[in-house]
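Trainee: Residue numbers (the UniProt record's numbering), protein chains in the order written: chain A, 1 to 284; chain B, 1 to 442.
Treat the hints as calculated values from the structure; they're not laboratory data.
In this text, a Cβ means the ideal position worked out from N, Cα and C, and glycines have one as well.
Treat the hints with caution; some may be incorrect.
Said to hold, decoys possible - Not everything, but these chain A residues come out facing chain B in the computed CB check (under 10 Å):
1. Y2
2. G42
3. V84
4. P199
5. T216
6. R253
7. D259
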Amino acid sequence: MYQVEDATQLSENVYQIWVNAPQVARHARAGQFLIIRVDETGERIPLTISATKGDSVRVIYMAVGKTTELLATKKKGDVLADIVGPLGTPSEIKNYGTVVVIGGGVGIASTPIIAREAKEAGNHVIGIIGARNKDLLILEDEMEEVCDELFITTDDGSKGVHGFASTVLEGLLKERTIDCVWIVGPAIMMKVTSRVTIPYKVKTFVSLNPIMVDGTGMCGSCRVTVGGETKFACVDGPEFDAHQVDFDSLMQRQRMYTDEEKEAREHFHHHDHHGGCGCCGGKH
Amino acid sequence: MAKEVKDFTEVNKGLTEENAVLEALRCMSCVRPTCVKGCPVGIDIPAFIQKVAEKDFEGAAAVIKADNMLPAICGRVCPQESQCEGACILAKKEKPVAVGALERYVADWEREHGTKLPAVAEPTGKHVAVVGSGPAGLTAAAELARFGHEVTVFESLHEAGGVLTYGIPEFRLPKAIVKAEIEQVKALGVEIRLNHLVGRSVPVEELLGYDAVFLGTGAGLPYFMGIEGENLNGVYSANEFLTRVNLMHANCFPEFDTPVKRGCKVVVVGGGNVAMDAARVARRLGAAVTLVYRRREEDLPARAVEVKNAHEEGVEFLCCANPVRIVGETAVEGVECVRMEMCEVDASGRPKPTCIEGSEFTLEADVFIEAIGQGPNPLLVSMIPGLERARRGNLVVDEDGRTTVARVYAAGDAATGAATVIWAMGSAKTAAAAIDKALKEE
Ligand SMILES: Cc1cc2nc3c(=O)[nH]c(=O)nc-3n(C[C@H](O)[C@H](O)[C@H](O)COP(=O)(O)OP(=O)(O)OC[C@H]3O[C@@H](n4cnc5c(N)ncnc54)[C@H](O)[C@@H]3O)c2cc1C
Ligand SMILES: Cc1cc2nc3c(=O)[nH]c(=O)nc-3n(C[C@H](O)[C@H](O)[C@H](O)COP(=O)(O)OP(=O)(O)OC[C@H]3O[C@@H](n4cnc5c(N)ncnc54)[C@H](O)[C@@H]3O)c2cc1C
Ligand code: SF4
Ligand code: SF4
Ligand code: FES
Ligand SMILES: [Mg+2]
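The following block holds chain A by itself, in its conformation from the complex (with noise of 0.2 Å):
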């Protein structure tokens, strides 16, 4: 059982959760994620690492299904089943010279760890953070304190540069050098942002969230096609070079579960608690 230190809504449908693991968070790197199993009847879901504090460690999530509707009603001092972690090859981070960090929507939340170890590691850090609108901006104090410079962007132009990250690279890769770029987000937002940096013929990664399962490389679940050859994201990723990703074979992939989707959402909405089908020896 992994106990639940604090939760806050962050957003209208973002919530943050500290929880104690502490074979997760003591060994963490940027880029890595855990997986969660909320209830003794649960899914196990992928969460990115977001920040790690002794043994504790914080993962941000959007409100999206049933697990995660489930996950924001835990409170400080609630449990939470199962954590594994880290997970994942960490980020690729050394000194490249200038790098840039986007984050988009809750992908932000991925960021700050990914820029903070840009930074130790020498690099002069660019931060881009962007959302549909001013609300649902996160965890901007953290990357106005790490990045050397930080840019801003909504869709509807409610707070920094009206427009995508998009813009903003691609005006950056104008009038300067830039060396890497990590970009974080929806599979669409990753898909856009990274063609802009194909012609500078800049490195860049994206972290891939395609639909997982034991995250250890067992079940084939989160195949991606890289390059034209398939690879686990679970252990040969979640990072990958963004110019080499089949991004449409992923979102094609991620919509596998659309109407089971819909249905554990309405059976969550309809049953408060789990009725028992007796099916593992009587022990639920």
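Start from chain A and add chain B with the ligands according to the hints.
Mentor: Positioned in the frame of chain A, the structure of chain B with the ligands alone reads:
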């Protein structure tokens, strides 16, 4: 018409007390029992069977547990026909003594009547790390604990048992039984730390700080055929399909949160036990199931009893055929196959299948499951400096399970490639004895 299969309750019901005693009386208590040579953990088979004949089930359990801490599991899933029973002298005459069924009877009896633990030696002060809680890890842990060493088992999943828990389905191996036998191992003083992926949650340096390390990481890496359409929605590795159902209980969705595509028409490719399990689970989820295998039916590598059960449950067998392409827009709509022809015998002594040109045909399908084999998971082993691997990624070990790194031992599927529960246990037992010897010589 195939009989209806819906539930996941155990198919094989086991012996009654009366039948167990009658069967035990068939054993000749051979002076040089060949059956024991056929058992990789070396259970004193005639001794325990003698006790069954005397209705001393508690005594029988004690004999078995001197060599095997997972008897209810082995009695169910060992391929006895090629192990103990295949080696019984009565095998050639009439039929062998049903050693597996008797072992299962005794283990079930003991579980229902209260278990007794084998003796544990005085603490040695040595601490051994065991990676993986499959049959290899559990066996090594139990043996080492009995020798008096402190044992910590690390398991990456949220439940212990390895393939026993996530792979082999409930209707062949009830999970309550797996849990009960794991509890027995824990009762010996073994600590199992779940949710710990060694190499990530436990850094390699920390692992190598133990007095000895046992790697029982298994062969969990699923192979894919590499054919067109493999990333369509509805394509599964058998590992994923079985894990969703066995470990995550997707058969009880939405009471349990993990979904699985049940499919109307499921095609499974492969011919081993894993393929049979995937096909039989898919039947229970309500689909019409076709199993495609590239050789002839008589060449199926799965146990005969699994093939028979699959037939009885209505799995269609399509032999001498092989998938070449999965068709569909975003999800599986069909599986294009070719017919295969058996040509000259290959190096393994089996006829070599080659495809017949122009014989393509398409099976309608909405779920496609690949059960074509698994290899050792490379994650941890690639992080340990100096750890050598052979062909297909199997760890290089000597006959005592020593790897190429000092104090690091390995057994089970991680060393042999995908094999059997009892071979994993047998090799783990040997490695545990070698670890014990090395630690006591220090
Ligand atoms: C490496 C990785 C890191 C992630 N980090 C974050 C994060 O920091 N914050 C955040 O909000 N989200 C993150 N996600 C996505 C998050 O896992 C999903 O939003 C979550 O699983 C949704 O679960 P649900 O039951 O609430 O919603 P559902 O209604 O079940 O699903 C909503 C959508 O989420 C995706 N999803 C569903 N199940 C899974 C699964 N088992 N694994 C992966 N994706 C799934 C699907 O595309 C689905 O359409 C990450 C995903 C990956 C793979
Ligand atoms: C579907 C299926 C059906 C089968 N049916 C039979 C049968 O009927 N009879 C039979 O004899 N055999 C059967 N087998 C084969 C048998 O299950 C295996 O040979 C046996 O389980 C191997 O045992 P093991 O302990 O070596 O590995 P596994 O059982 O694979 O266990 C390895 C464990 O290590 C864990 N692990 C791996 N890496 C790490 C890490 N870095 N850190 C922490 N934990 C880690 C894994 O999560 C796993 O739990 C079957 C296999 C499958 C897949
Ligand atoms: S453990 Fe397996 S091989 Fe050994 S006696 Fe029992 S059933 Fe036979
Ligand atoms: S070989 Fe057969 S008959 Fe002889 S002791 Fe073993 S089980 Fe009994
Ligand atoms: S999630 Fe199972 S292999 Fe990646
Ligand atoms: Mg969900």
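Trainee: Does each hint hold? Answer for all of them.
Mentor: Now for the hints, and whether the structure bears them out:
no.: 1; hint: Y2; result: 8 Å, holds
no.: 2; hint: G42; result: 5 Å, holds
no.: 3; hint: V84; result: 4 Å, holds
no.: 4; hint: P199; result: 28 Å, violated
no.: 5; hint: T216; result: 5 Å, holds
no.: 6; hint: R253; result: 6 Å, holds
no.: 7; hint: D259; result: 9 Å, holds
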